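There are 2 protein chains.
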Amino acid sequence: MGRRLLKIEYDGTNFCGWQLQPDVRTVQGELERAVSKAAGKNTRTVLHGAGRTDAGVHALSQMAHFDSHSSHSCHTYLHAINFWLSTHDISVRAIYEVPDNFHARFDAVKKTYRYSIILSETKRPLFERYCTRIDRKVDINSLNSAAELIKGTHDFASFTASGGDTESTVRTIFNSHWIREGDMLNYFIEGSGFTYNMVRNLVGSMTEVGCGGFSLKKFESILECNDRKQAGPTAPPGGLMLYEICYGRSLSLFNKYET
Amino acid sequence: MGRRLLKIEYDGTNFCGWQLQPDVRTVQGELERAVSKAAGKNTRTVLHGAGRTDAGVHALSQMAHFDSHSSHSCHTYLHAINFWLSTHDISVRAIYEVPDNFHARFDAVKKTYRYSIILSETKRPLFERYCTRIDRKVDINSLNSAAELIKGTHDFASFTASGGDTESTVRTIFNSHWIREGDMLNYFIEGSGFTYNMVRNLVGSMTEVGCGGFSLKKFESILECNDRKQAGPTAPPGGLMLYEICYGRSLSLFNKYET
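Chains V and H, in that order, are what the protein sequence lines are.
Residue numbering for the first sequence follows the working numbering, starting at 101 and increasing by one per position.
Residue numbering for the second sequence follows the working numbering, starting at 101 and increasing by one per position.
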């Protein structure tokens with residue numbers, strides 16, 4: 101009984117994204133079926149995700165809540181859902197008993213995404229499942245100069261694909277930086293929220309700056325002009341990972357089972 | 101013309117191992133076909149690998165040589181072989197022009213393997229392709245006490261599966277240690293060579309020590325008794341990666357193309 105919040109990890113390679121759609125395999129679809137089975141229900145249990153991820157995008161930590169008609173303990177629920185998932189590419193890693201007014205999406209105060217790039221002229225079989233490969237030289241300092249400009253509150257219309265469901269494209273970015281480790285580049289962005297395709301569009305234009313295709317001034321003018329057509333290409337989905345979601349109320353205070 | 105040495109990366113998940121076998125997909129089989137095509141030959145080009153990897157085992161850096169009847173430059177050869185490979189799970193990352201008496205296997209003086217473990221009670225979709233998951237508590241200090249005993253020259257008969265093609269099971273281990281980073285455990289072992297299934301058998305018995313199933317004394321007695329039946333289980337292949345192969349003659353001295 102009551103509302104439960106799930107922490108979910110998935111490999112997005114073989115999903116048509118998070119959101120439930122008819123006739124295709126989605127993370128929400130697989131999870132709703134497993135949660136319904138775990139709750140012993142024959143009707144659909146609706147899951148409310150903290151955010152949607154596109155086809156091919158991964159999640160280290162997606163969050164979603166549902167209203168339970170079962171009184172399973174957190175431990176029983178977690179293992180029952182994972183049992184019914186019976187697939188290797190989704191896993192429920194934690195479950196929390198949250199108040200009925202808690203909402204996985206509306207109560208999120210910060211989301212973190214990571215975008216990973218591997219620099220190599222030749223294919224990298226061991227890396228390309230979770231990284232986008234770039235075969236050009238990329239300057240980390242130029243990437244970070246562009247990443248710095250994104251911080252703060254901006255209208256991200258230039259980096260928003262059509263098809264999203266929110267009217268405002270204004271978001272606040274708390275942190276935005278690239279880290280290089282050998283041939284790997286990892287971009288971390290933390291924000292109040294993200295518009296449709298925003299991280300992949302930002303990465304696409306930042307890598308143009310890093311490769312010398314765009315000047316930093318050009319990148320700044322794209323951010324300011326609010327015109328999607330000025331921006332660079334959308335970076336591929338496989339390099340993107342929903343990394344963490346933070347809530348105003350600490351989840352550690354709730355009854356829970358974490359693995 | 102002359103002998104060429106290849107540095108090869110592969111994801112072993114969808115291969116029946118390195119060694120050529122009829123009617124199944126092997127790394128050697130795919131590579132020999134691509135090298136023959138790249139050389140413009142209709143007959144088979146034989147590849148001599150530095151070592152065999154089992155089904156499911158990955159390689160960050162496998163080495164193999166062949167005798168070329170083409171005078172392609174290193175750059176042309178590398179791109180031609182990768183073009184003919186036309187698969188995402190093998191890549192040739194470097195090519196060297198080596199003397200005719202150079203042998204990928206017999207001239208190797210040190211091989212390094214890595215074995216990766218992820219500690220988690222629940223599935224880890226983003227990690228299990230390249231790690232073995234253990235859902236018990238593992239003590240890193242116990243792992244390292246066992247790893248320390250392996251160093252030096254020993255008869256590894258207790259850790260050798262039947263079916264190998266060498267008579268002696270004596271090998272010299274230069275380095276053997278576990279590193280913990282968060283929920284990840286990485287084991288690095290460097291040696292003069294390895295008997296059939298040796299690394300996976302060592303990891304299987306060391307993790308028994310780490311989980312408290314075997315005492316350190318028991319592990320030591322297994323190493324000394326030269327009896328395979330005393331050892332623990334064989335660790336699964338997916339956590340294993342051929343990490344590096346070192347030669348007596350530095351490859352940097354040869355004409356080459358590295359990516």
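Derived by calculation from the structure, the hints in this document are not laboratory data.
None of these values were measured; they are calculated from a predicted model.
Do not rely on the hints blindly, as some may be mistaken.
Put simply, identical chains are the same to the list, so a pair is met inside one copy or across any two.
Mimicking DMTMM-like on lysine to aspartate or glutamate, the simulated pairs with C-alpha atoms at most 25 Å apart in a straight line are [as the list claims (entries may be wrong)]:
hint, residue 1, residue 2
1, LYS137, ASP283
2, LYS237, ASP207
3, LYS329, GLU344
4, LYS137, GLU324
5, LYS210, ASP123
6, LYS237, GLU130
7, LYS329, ASP283
8, LYS237, GLU308
9, LYS210, ASP154
10, LYS237, GLU358
Each hint, compared with the structure:
Taking CA atoms no more than 25 Å apart as the test, LYS137 paired with ASP283 passes in neither setting, with 44 Å inside one copy and 30 Å between copies. In this assembly of identical chains, the alpha carbons of LYS237 and ASP207 never lie at most 25 Å apart, being 41 Å within a copy and 34 Å across copies at closest. In this assembly of identical chains, the alpha carbons of LYS329 and GLU344 never lie at most 25 Å apart, being 30 Å within a copy and 46 Å across copies at closest. For a Cα distance limit of 25 Å, the shortest separation of LYS137 from GLU324 qualifies neither inside one copy, at 49 Å, nor across copies, at 52 Å.
Proximity of LYS210 to ASP123 under the C-alpha cut-off of 25 Å is found in neither arrangement, the shortest distances being 32 Å within a copy and 53 Å between copies. In the homo-oligomer, the alpha carbons of LYS237 and GLU130 never lie at most 25 Å apart, since the shortest distance is 40 Å inside one protomer and 30 Å across protomers. Proximity of LYS329 and ASP283 under a CA criterion of 25 Å is satisfied in neither setting, with 31 Å inside one chain copy and 43 Å between copies. When the C-alpha separation of LYS237 and GLU308 is checked against a cutoff of 25 Å, the pair qualifies only within one copy, where the shortest distance is 11 Å, while the shortest distance between copies is 46 Å.
With identical chains, the CA atoms of LYS210 and ASP154 are at most 25 Å apart within one copy only, with a shortest distance of 19 Å there and 44 Å across copies. In the homo-oligomer, the alpha carbons of LYS237 and GLU358 lie at most 25 Å apart only across protomers (15 Å), although the nearest pairing inside one protomer, at 42 Å, exceeds that limit.
Violation of the numbered hints given earlier is confined to hints 1, 2, 3, 4, 5, 6 and 7; the remaining hints are satisfied by the structure.
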